[in-house]
Each structure stands twice: as C-alpha cells, then as structure tokens.
Amino acid sequence: MTEEGKDGRRGVSIGRRQRKNEGRLKATGAAMYADDLRLPRMLFAKTVRSTEPHARIVRIDFSEAKKLPGVIETLAGHELPERYGVIPWTQDEQALCVDKVRFVGDPVAAVAALDERTAEEACALVRVEYEKLPALMDPDEALARTDVLIHDERGANHQDNLTKRVQLAFGPVDEKLAQSASIAEADFFYEGSTHAPIEPHCALAQWDGVTLTVWSSTQIPHYVHRALSKVLGLSAARVRVIQPVVGGAFGGKSDPFSLEFCVAKLAMKTGRPVKMLYTREEVFYAHRGRHPMKMRYRVGLSKEGAIEAVDSKIVIDGGAYASFGLVTAYYAGQLLTGPYRFGTYRFDAARVYTNKPPCGPKRGHGSVQPRFAFECALDMAAEKLGIDPIEVRRRNFVGENTETVNGQWITSNGFMQCLESVERASGWRERRGKLGFGRGLGVAGSMYISGTAYPVYPNQMPQSGVVVKLDRSGRVTVYCGASDIGQGINTLLAQIPAEELGCDPEDVSVVAADTDLTPVDLGAYSSRVTYMCGLAAIEACRKLRAQLDEVSEATDPFALRVEKAEAKAGTTLVSSGAYRTQKLGADYRGGTIGASPAYSFSAHVAQVSVDAETGLWKVERIWAAHDCGKALNPTLVEGQIEGSVYMGAGEAQMEAHTVYPENGLLRAPNLLDYRIPTSLDTPEIDSLIVESNDPSGPYGAKEAGEGPLHPAIPAIANAIHDAVGVRLTRLPFSPGDILRALRERKC
Amino acid sequence: MLTLPPFTHHAPTSVDEALALLAQHKDALLIAGGTDLVPNMKHGLRSPAHLVSLRGLSSLAYTREENGEILLGATTLIQTLADDALVKKRLPALAEAAAQIAGPQLRRMGTLGGNLCLDTRCVYINQTHFWRRALGFCLKKDGTVCHVVKSGKRCVAAASNDTAPVLMTLGASVVLQSKHNVRRVPLTEFYVSDGIRNTVIGDDEILVEARIPAPRTGLCMAYEKLRQREAIDFPALGVAVTLSLDAQGLLETIRLAVTGLAARPQMVRCDDLAGRTVDEATAEAARHAFKQCHPLTNINIDPEWRREMIPIFVRRAIRRALSSPRR
Ligand SMILES: Cc1cc2nc3c(=O)[nH]c(=O)nc-3n(C[C@H](O)[C@H](O)[C@H](O)COP(=O)(O)OP(=O)(O)OC[C@H]3O[C@@H](n4cnc5c(N)ncnc54)[C@H](O)[C@@H]3O)c2cc1C
Ligand code: SF4
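Sequence order for the protein chains is A and B. Residues in the first sequence are numbered from 1 upward in steps of one, following the working numbering. Residues in the second sequence are numbered from 1 upward in steps of one, following the working numbering.
Hints in this document: simulated from the structure, not taken from any laboratory. Fair warning: there could be bad hints in the mix.
Unchecked claim - Below, computed lysine to aspartate or glutamate pairings styled on EDC-like, alpha-carbon distance capped at 20 Å:
#1 B/150 with A/662
#2 A/618 with B/302
#3 B/42 with A/116
#4 B/179 with B/142
#5 A/469 with A/420
#6 B/42 with A/121
#7 A/294 with A/737
#8 B/291 with B/272
#9 A/67 with A/116
#10 A/176 with A/61
#11 A/132 with A/152
#12 A/568 with A/556
#13 A/303 with A/175
#14 A/132 with A/61
#15 A/313 with A/175
#16 B/42 with A/115
#17 B/42 with A/61
#18 A/176 with A/430
#19 A/434 with A/620
#20 B/179 with B/194
#21 A/618 with B/230
#22 A/746 with B/272
#23 A/313 with A/140
#24 A/384 with A/152
#25 A/469 with A/514
#26 A/618 with A/556
#27 B/42 with A/556
#28 B/141 with B/230
#29 B/150 with B/304
#30 B/141 with A/121
The structure presented is a predicted model; accordingly, all values stated were derived computationally and were not measured.
Based on the provided sequences and hints, a complete structural model is requested.
Next comes the structure, spelled out in structure tokens:
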C-alpha cells in the first residue's frame, strides 16, 4: 500500500497502530532511567530542606555534618546565588535558598557523600538557624497582607504578593448579562493536585574540568541547558544536558529544579560525578502541580440557550515561586473561548504567592480548573431554561475557520463529531434521566492548544529542529531535541521516516534530547511536540525523499536507493527540518498567549453512581471523544485519552495536595496518603477518536496529550448532579461533602 | 530514595533458633514480611541493631483444624488467608478481611503475625524524620506532645490491622512463645489502649499462632471495611461481626468489633440484645457502636463523616452476615 494521498501521506506507517519503540525495554526493566546511571567514583548528594514555611536564614552550620565519615562536600545557597526561573520575566528561584525560605521543604543546602545513607544522615546534622516570619497560607490573605512580602527582592514595583494579574474584557459583558434569560452564578473551588510521576526527579552530573554534563529526568532539556549555564556561570557551549528515559512527568518536570544545579556544582567542587535522586516526599515539595483556584463564574444565556456573557474572577494560589505562573494567569482565562461561541467575555485572574510548595503546569495547564467551573455553570444555566446539556453545547458551537471572542484563530474543529460520538456511545438520549435515583450521566466539552506561537523566551529561531541522516546500510538516524516522557514522540520520529522514505520503522534510530547531539526542541509542554516536531521531521524527510526519488524507484530496496543517492550526491545524506514560529494571536497585550496554530477538541459523557446513604460514589464509565486532527498512531492516541481521563477522574474523586495551615506541612507527602486511583478505582473508558484533519498539522494531526483531560471533571460533576440532584462546587468531591449537600437539599 | 538504617540481619530456620537470637540480642526486632517494619525503619521510627527474620520458619505457615480449634500459623501469608479453602469455609469474614488488606503484592509478602503485631498508625507519625522534625515530633516517638488530642498524655494512634477485629469477634487467642515460656492470650487482652505500643507481647516473644474456636453451626460473620480506594488503603473504619439466631429467628449471640479508630481494636458492648428481633438488634447494635466509638483526626479522612459511617457499616455487616449461606 504505497499509494500517495493528497497530503503526501502513503499510509504505510502513519495512521497505523504501532508499539512504542522503547516499550520492550520498559516492560523488561532494561530501560535506563537517570537513577540507573552509575559512573566511577560517583558521589550521592542529598538536600537539606526548610522546616519553616517562611523564615529568614540566620546561620547554616555544617560542622557536625562534615565530621561524619564519608561526607565529602557541602553546598550552601550563597555559592549559587544567580536567580533563575522558566519564564524570563519572573525569575525568582535560587538553587538553594540564600536569605529566606518560603515553604516547608524549600531547599537550603546540599551534602555529597560516598553513599546515599551517609548523605541523608549528614543532612539531618546540618544546623540551620531561622528567624520566623509570618506565613501566608491563603491566597486572599496573601493579597491583603502587603506587610508580609514572600518575595521582598522584587523591588519597589512589587510591594505585594502578586505574581501576575490579568484582566481582559471582550465586549459589553454587564449589558449582556443584564439581558440574559438565564444566569448561573456560583463559586467553585479547585483543590491543588500534583502529577505523581512514578519516577522521582533524578540528576547526575560530571565535570571534566572543561565541560559539564548533566543527565536529568526532565521534560525540558533545552531550558535546563540555558539555566545551568546562567546559574553556574558557564558558557552554554560547555554544558551538555542529556535526558535519559523518563518515567512520567505530566508537567512536573518542566521547570529547572534545584537538584540539577546542586549536582553540577558539587561535581565541579569535588571533581567527581555526583547524583541526586529525590525521595517521594521531595517530589511533593518540588511539586509544580495544578494550582488551587477560587473561581466565581457568571454565565448568561439567551432564551434559546446562546452564551451571551461569561464573567469570571479567579484567585490562583501559586505557592512560593512563580514557575510558569505568569502563563497560568493568562491560560486561566484565555483558553476558555472554545468550543463554544461567547457573545461577550471577561476574566480577572490573579496568581498569588503563598508559603506553600510552588504550583506550575500540570497536564492541561491553567485551564482544567476554569473548565470545570464553566461547564458546571453552563449546565446550571441551561437547566433553568429546560435545555438538554448536549443540546446547549451543540447550539453554541463556535465553528471552523473562525475567530474566538478573544481573537484566537480556530482552524479545524471536530467538536460536533465529538459530541455526537459520546451522545451515541453513551446512549444519552435513551438512558439519561432513566437510570434511577443514585445513577446519572453528565456531559462536558473542551478545547486545548497544540503548542503556542510563543516560545517562553522571545527569539526568532525555530521551536523545533530535526536532522535526519541516511546510512548506506539502510539505517536511518533521526536527531531531535524533543523529550519523550512516555507520550511517544520517539516512536513517531521513527514512523515519519518510514512513511516518507519507505524504510522499515525498526530500521530507524532516534537520537533524542541530548544538547550536544540533537537540534533544539523547546520541550514537552503545551502539547506542542507532535505538532511541531512532526512538521520538522516531515520537512527533513521530504528533502531526502527528493534525493532518493531522483535516482531510484520507490519500489527499489531502501538501502540501494540510499547507495545510489549518496553516490550521486558525493557526500553523506543528511538533511534538516524545522518548525518556525508563526505569527498568531491578537495584538492586544497578552493576545498571543494561548494562541495556537491548531486547537484540539473533546467531549466526555460520564456515568456515576452515588450511594446516598454513605456519600460514597464511583465513576462507572466515561466515554471520551477527542478530535486529535489525525491519529498518527491510534494506539498512542487512545493511551493519551485513557491517561487523561484517569487523571481527571482522580482529581474529581480524591486527589488533594494540601498543607496544614497552622504549620505549612504537607498533609500527604507520600503515595499512601496522597491518593491516586488504583486500577480498581478507574472507570471503564471508551476512547473515541475523532479526526478533523487539520490543514496545518503534520498529516492533519493536532494534539492528544492534555485536551482529553479537561471534560472529565465537569462531566463527572454534572453526572453527580444528574444522579442525586446536588451540585458540588468544591473539588475533590468527598463522600462527606455529598452527604452534607444531600442533607441541605432535604432541609 | 529513603534509606534504611544499618542493622544485622539474621535468618534462623527454626523457632528455637529465632527465640535464641531474640534472647541473645537486646536490640532486636522480628521481621516477617517487612511490609510494616521496613517503611517504619525508613521513617526513622524503628532502628533495631538486629533483625531476626521469620521468613525461614516455614513450619509456622499453616492453616488447620484440630480438636475443635482452627490453628493459623504466624507466617501464613495474608494472601493465603484470603484464598485458603479452610479459612474461606470456616472463617469467611477472615478471608474477606485478608482480601482487603493492602494490595496484591503486599498480601504476598505480609503475614498474619505481622498483621496482628502491626504498629499503630497516625497522620503525624507515619512520616519521614524530616517531616516529623518540622512538626516538632510527638509523644509516640522523639517528642512530648500529641497533635491529635492536644492535651492528651497518651498516644491514640490507630490500630489499623484488618484481621484483628474479625479474630476478636471469633474469640481467638494468640500463642506467644519465648525461650523459656509459652503463653496463650485471648486477643481481646492482647491489645491495650496505648498507641505507643498496643500489644502485651514481650521483646523476647514470638507470636507463633492464632487459635480460633471452631465456629459452631449457624454462626454468621462478616467484615465491612471503609476506605477511600478499592485497594491499598488501611481501614478508615473496619467493622467485624459474628452472630447467631435461635430457633425462632431471634438474636441469640452477637459480637461486634471495630478497628481504625483508636489505639486498639475495640469490642463494642452489645450485652442486652439476646432475644430481640433481627431488626431491633441491628438498630440497637448500630446505636451502641455509634455511642461507643469516636473517630479522631489520627487518620486523614474527615472524622465527622467516619463517625456517621459507624452505624451504617454495622448495619451493613450484620445484614451481610445474615445473608451469607448458613453453614
Ligand atoms: C501501602 C500499604 C498498605 C497497607 N494496607 C494495609 C491494610 O489495608 N490493612 C492492614 O491490616 N495492613 C495493611 N498494611 C500493613 C501490612 O502490610 C500488613 O499489616 C501485613 O500483614 C504486615 O505483615 P508483615 O509480615 O509484613 O509484618 P512486618 O512488617 O514483618 O512486621 C510488623 C511488626 O510485627 C512484628 N512481627 C511480625 N511477625 C511477628 C511475630 N510472628 N511475632 C511477633 N512479632 C511479629 C514485627 O517485629 C513488626 O514490629 C499495609 C502496608 C502498606 C505498606
Ligand atoms: S496520636 Fe498523638 S502521639 Fe500518637 S502518633 Fe499521633 S500525634 Fe503522635
């Protein structure tokens, strides 16, 4: 089957189910994760962490720790004072705290020893003297208290605890609300949650006197590369970052982390390789999980159910550092404007510092919480009008090739097919309202980005580069900086040459995520990888294909084609391709944030059962339809949909990353108390792929990694309402809350 | 990763050898499956110089019925209790409880002895040394105050073993053996209400077996467990019941025990129920349990709600016990 489609696709590999190329290694335990790496004379390092939520560091005393046999070196904050942060405008982190600690668990010092146990014991012997400061645990309090500054280094313009406030309005919202036939107005609360990747963060550094090499379990080797250079004061040309196999990330590894700088500096100080592996508890401190948000929504519908106005006020609890917080504040508003047409829209989102572990980007960054609130409010408003929840969503479809209320351009849009698909699969029409008290169905929709037009540091260079080399043996090597964090980009990077050049995907090596060897890719975030790397890889392959086609037939053995082309060219066959940032978005301030070359769309129907005597409830089944543009490898797309549904359902059911307000200690810094669903708690999931064949994406593809998470939570909330008639507005939905709500309804 | 403190590991192959090691080393602890002890050691809660392993004592891995008693050896795996034909037939509530302990991997490491000797649990204690230090420690280890009962002088960490309440309602006793002595202690007296150490077992003793009077015909039993997830989680509440009805269908005997609340698994007093109808007795037992049990903040789940669940789970346990096939 080598017939060429009109998009240049031949269908030999693209669109086919294919195993992940590292799947066998992972299943057999042969895959090498960062902690599997061992170098001769390697030391182990551990971090001393703050026991105070907010305090000045008076003194750090290493003397007892240094006496412990086996301790080789120590490190304190003043040795690495340079500030960093993934977003260039809010660089407020230091590898180790210098003057102040800002949450329980903030890294204060590090110790390198001959073995892990000794390093751990030495950390307990490091004496840190603190002068306590008032700790702010609630974002509203942090906004009000300008007498306590969590970041007092930010200068005269920042005499508050605000990371970023975004206020944008599109059209006469108040007027439209006043005219609405039905208004839903409610407060919603999303409790924080964390990623819980099974592999903890780990980094290993080696210094040869000239160059520094750092292996790290990261999803952004390029930003780690830049940050290491900045903080260590080394030329980036003498820093190499390598990402080994990563055991899950979900956004929790998209910042540079303290351990990367600590192992690097300790390696430079000792001249020996140094490794640090976070404990599970430390992963909870590193966090960057989903922000707690207090959200007030007003949604106004016309008599016919058209969305006339949406108004929101959102207070975002950021924790101790900015991380991606500036983007979070924008995403909380900017990503809500599809798949429905909003007549008018306004949002006011404030991201606030508190003395808690820093929040950041978790799968569906910034938009999962508002999506929950909005999709519930939409149901509430439609219910008053007596309009069916699926129908109201259909009536408000924003359409294809159209601009949203906030000026984003939507290309393809398969949302209507998504809705139809879940409506049919779930038996919505026949079954809804007929399942009896205690069982219900709920629906929700969503939209997400496939990368953004905006690289996190402004530059004119490509966001993604791919180099392909053909060997006369027939071996194809693809070099790309992209991070495979389990989503499968390395597999796709073998599928694309197979598709374009006609080689066997098993004859493709993928050299990935090594800053010495691979061209830059910005990293695995914002669902950008398949879209951008995919286009870059196609471009590189098509150049080679032209060379092969010039001298041979597509039916010739592949190695022979390469031989002929290499002979003709008189040099090694290499080519490169890139994804160049396009100008997208509107021209008001912030109008480019959230502007994506293509948007994915999802719709879910959830079925729940609620035991009204105990409040215990269960998600029985979720039908999840997702418009990914084109399923380049349907197995991987289904995997992403399932993983997303699982994660969203877990956030609705049980996940909560919270602290004791009186002392700032995490309530559940381990995987026994921080509950993520087991396979027994996971609903049946029906993954339904919708293909809208986006004109701009690689073979029509958009994204599948984050979009399908969004509707899970509100679909579940709406299903609980359908089951027992109570509207839950605080996540996670605890059985106790359900019982209380049921009781209030009876009164 | 959290590391283990250093220790010397001993692998005896007989009970006598194990007892001799215990007698010889003052600072020694027994380890069976290690599923409780190892995490506690990593958290700095226990740091024995010697570990005496029971894994080589295959002579203690048995289930059998003998002279009107069912005997369960201490190193019997939790998974075996869940699957064993004798246990399922004669002590179905024990099989139910065992099947709900932890997850499949842990059930294949964990043992009956380890479960009965499980350390008590509390949100303020099952944490790393770093976390506990940031908290300021507590009565149970390294500190002077209790964070659950602020003015309390006693640790109220929760007994969290799922098998204990079932065995208590069945009138079980345990056999404790030391180098020079063997004693038999009813399970209701084995536990004491001190969260720091909630059993009467001596440092030189091994719990070698549990002995359960063979249930007479007509005894019904069930175990109901409240937990947030369908696997892995310790009980947020565990309710065990055994009961029998007389020829008229009125209640004859009932024994009710709860776990997951206070420092020891607790028998609920239900003295006045004989002769009542099943419905009356059920309602009354639920009321007794509600009055006698007081969930605390030692577990991370809303104590108010857990208290509300007590009568509901008692009713469910009784209902299910009565609906299970009569033997
Ligand atoms: C994630 C997780 C979830 C869990 N969930 C549950 C649960 O839901 N329900 C539950 O009940 N338990 C649970 N457990 C606890 C534990 O796995 C079980 O209780 C198990 O049965 C303990 O047995 P063990 O052989 O592993 O004990 P060990 O860890 O080997 O020993 C526990 C203690 O008992 C002592 N000991 C062991 N055997 C003897 C003996 N024969 N004589 C005297 N002392 C002895 C040891 O010295 C130690 O102090 C869980 C544990 C984990 C890690
Ligand atoms: S109940 Fe009190 S003393 Fe016991 S472990 Fe908990 S906090 Fe410590």
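Hint check:
1. B/150 with A/662: Distance of about 14 Å is within 20 Å: holds.
2. A/618 with B/302: Distance ~19 Å between residue 618 of chain A and residue 302 of chain B Cα, so the pair holds.
3. B/42 with A/116: holds, 13 Å
4. B/179 with B/142: violated, 31 Å
5. A/469 with A/420: violated, 44 Å
6. B/42 with A/121: Roughly 12 Å between the alpha carbons, so the hint for residue 42 of chain B and residue 121 of chain A holds.
7. A/294 with A/737: holds, 17 Å
8. B/291 with B/272: holds, 15 Å
9. A/67 with A/116: Answer holds: residue 67 of chain A to residue 116 of chain A is near 16 Å, not above 20 Å.
10. A/176 with A/61: violated, 63 Å
11. A/132 with A/152: holds, 15 Å
12. A/568 with A/556: holds, 16 Å
13. A/303 with A/175: holds, 16 Å
14. A/132 with A/61: holds, 18 Å
15. A/313 with A/175: Within the cut-off at roughly 17 Å; holds.
16. B/42 with A/115: holds, 16 Å
17. B/42 with A/61: violated, 25 Å
18. A/176 with A/430: Roughly 35 Å between the alpha carbons, so the hint for residue 176 of chain A and residue 430 of chain A is violated.
19. A/434 with A/620: Judged against 20 Å, a Cα distance of about 16 Å means the pair holds.
20. B/179 with B/194: violated, 26 Å
21. A/618 with B/230: Status holds; Cα separation ~11 Å.
22. A/746 with B/272: Cα-Cα ~35 Å, so violated.
23. A/313 with A/140: The given pair, whose Cα atoms are some 13 Å apart, holds under the 20 Å limit.
24. A/384 with A/152: violated, 49 Å
25. A/469 with A/514: holds, 16 Å
26. A/618 with A/556: Violated, at about 57 Å.
27. B/42 with A/556: violated, 62 Å
28. B/141 with B/230: violated, 31 Å
29. B/150 with B/304: holds, 18 Å
30. B/141 with A/121: It holds: about 18 Å lies between the C-alpha atoms, which stays within 20 Å.
Checked against the numbered hints given earlier, the structure breaks hints 4, 5, 10, 17, 18, 20, 22, 24, 26, 27, 28 and satisfies all the rest.
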